[in-house]
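What follows is the residue order along each chain.
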Amino acid sequence: MPGDRWQVEAARHAAERFGIDRRRFLAAAGGSLGALLLAACNSSGPKGARALLEFAERKNEGVERLLLRHSVMDHAPRSAKLARNAFPSYYVSDSVPMWDAALRGAWTLEVSGLVRRPLRLSLDDLVKLPRVTQRVEHFCVEGWSAVAERAGVRVSELARLAGATADAQYVDFQSFDRDYHESWDLESATHPQTLVVYGQDGHMLSPAYGAPARVFSPVKLGYKNTKYLTRIAFLPRRNGGYWSDQGYEWYGGT
Amino acid sequence: MVRLTHWVSALAILVMVGSGLRIFDAYPAFARKGETFCCYPWAGHAIPAKLTFGGWLAGARNWHFAMMWVLVATGLVYVGFLFLHGEWRDIAPRRGDARDAWEMVRFYLFARRDHPRQGKHNALQKGAYSAMTVVAVLLVLTGLAIWKPVSLGWLTRLFGGYVWARYWHFAAMALLVLLVVVHVVMVLAVDPYALRSMITGWYDPRLSPQERNARPFYHLLPRWGRHKEAPDAR
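Protein chains in written order, with the working numbering: chain A, 1 to 254; chain V, 1 to 234.
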């Protein structure tokens with residue numbers, strides 16, 4: 001049919017004009033794709049993309065903040081087992097960080113920053129405050145999850161006791177595990193499941209899991225949950241964090 | 001537009017798979033700590049780093065969480081375009097496709113001499129491309145479920161909890177990779193002219209697999225398997 005033939009002629013013509021024949025095209029495409037793939041393998045990608053990735057991270061944080069509600073709760077599946085000793089134990093010091101009372105005096109938790117009544121709480125003080133016990137799933141950035149029963153005081157309760165001011169929009173959780181700390185948005189920090197934890201699976205927290213006290217909330221990935229807690233600082237702006245400063249998302253929400 | 005979204009999503013899928021495997025390697029297993037998991041025999045064996053992208057866990061996560069928007073946006077543009085232009089009819093399976101697909105299999109296995117009549121795509125292709133769409137939707141949903149297991153806890157529970165949502169995300173990825181590999185092999189083996197047309201937009205209908213009676217790797221086959229009798233000498 002003449003119509004079809006015309007189309008075919010035109011196609012050949014256009015392709016020839018651009019100097020593309022199939023063989024040359026395939027060779028070029030295959031070659032460049034192969035080179036691209038080889039260069040990309042196991043790499044962190046082109047440097048120029050960093051700004052774009054950071055842009056995406058900021059946008060993602062917006063979406064994540066929008067999705068977070070104080071009414072959404074994490075409850076470990078009924079069928080899930082407590083991880084107990086299989087619960088991974090992480091710290092950044094070379095060995096399990098232990099509070100040396102002989103050297104540094106009795107451990108206390110400081111609640112300070114943009115607050116009307118700074119607090120300094122002993123472990124006894126903490127235990128006497130209203131206790132929340134929750135059986136929750138813990139989500140690690142690595143992809144594993146683990147279930148533990150955790151007992152402690154709501155951070156929102158501490159914020160109320162200390163009288164956090166209206167310009168306190170961020171909270172920094174600092175520790176005695178070297179310089180470990182992670183700062184949070186206020187919304188996540190005052191979520192009802194965000195606790196200063198001193199008890200796990202029916203026992204007082206052991207040194208491997210952050211004794212005497214640690215932060216834990218299922219609304220944040222594991223690395224945001226500072227162990228070996230010493231200070232809760234209410235701040236007007238974010239203050240980065242140990243892992244956040246190294247490239248992990250600052251928000252780190254679940 | 002179809003060509004543009006095809007190549008953008010091809011690249012995006014490559015980055016998503018590579019960075020996803022890198023993320024997976026941080027914990028190449030599915031069991032909740034303190035439990036066992038029934039259905040993944042390779043637990044503890046990491047994917048070779050050469051097949052991954054992102055360099056390290058945080059790098060891979062940043063790529064994964066940025067590229068996901070590119071891929072979703074591209075996918076929406078593609079699907080939207082298909083519907084606006086009615087081209088979805090070329091892909092959506094319909095009554096009789098199962099039989100046509102069987103005829104294609106018979107043709108490929110030399111149980112049938114002539115290439116079955118087809119529209120733009122044959123029934124096997126339509127099945128594969130529709131499956132890709134369904135798998136893509138599943139990937140997005142399971143992805144959201146493991147990204148936000150608390151904020152979107154209802155979605156996570158829908159997939160059986162965090163551990164299973166992560167498993168379905170992985171399985172759907174594996175299925176998509178399989179479909180993509182088959183797709184690429186078949187393009188090269190049956191209809192290499194389609195590759196050019198996916199770049200330039202020009203397709204010579206006389207070179208279609210149906211016209212050429214092309215089976216996979218037809219050019220490697222002995223002469224009797226290559227061509228039907230010329231339909232007319234024109």
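In short, the hints are calculated from the structure, not lab data. Just so you know, even glycine gets a beta-carbon here, dropped at the ideal spot from N, CA and C. There could be a bad hint or two in this list.
As the list claims (entries may be wrong) - In silico contact screen, one side only, chain V against chain A (beta carbon under 10 Å); selected entries:
1) A31
2) E35
3) W63
4) R94
5) L109
6) H121
7) G161
8) V163
9) R166
10) W168
11) A171
12) A174
13) L175
Okay, the hints, checked on the actual structure:
1. The interface hint given for V/A31 holds, since its Cβ lies 8 Å from the closest Cβ of chain A, which is under the 10 Å cut-off.
2. Taking 10 Å as the C-beta cut-off, the interface hint given for V/E35 holds, the closest approach to chain A being about 5 Å.
3. Checking V/W63 against chain A by beta carbon gives a least distance of about 6 Å; that is within 10 Å, so the hint holds.
4. Taking 10 Å as the C-beta cut-off, the interface hint given for V/R94 is violated, the closest approach to chain A being about 27 Å.
5. For V/L109, the suggested interface contact is broken, since its CB lies about 28 Å from the closest CB of chain A, more than 10 Å.
6. The interface hint given for V/H121 is violated, since its Cβ lies 20 Å from the closest Cβ of chain A, which is over the 10 Å cut-off.
7. Interface hint status for V/G161: upheld, as the beta-carbon distance to the closest one in chain A is roughly 5 Å, under 10 Å.
8. Because the smallest distance between the Cβ of V/V163 and any Cβ of chain A comes to about 7 Å, under 10 Å, the interface hint for this residue holds.
9. Contact between V/R166 and chain A, as hinted, is supported at the beta carbon level, the nearest pair being about 7 Å apart and thus within 10 Å.
10. A hinted interface residue such as V/W168 counts as satisfied when its beta carbon comes closer than 10 Å to some beta carbon of chain A; here the least separation is about 14 Å, so the hint is violated.
11. Against a cut-off of 10 Å between C-beta atoms, the interface hint on V/A171 is violated, since the closest Cβ of chain A lies about 15 Å away.
12. Given the 10 Å rule on beta carbons, the hint for V/A174 is violated: about 16 Å separates it from the nearest Cβ of chain A.
13. Among the interface hints, the one on V/L175 is violated; its C-beta lies about 20 Å from the nearest C-beta in chain A, farther than the 10 Å criterion.
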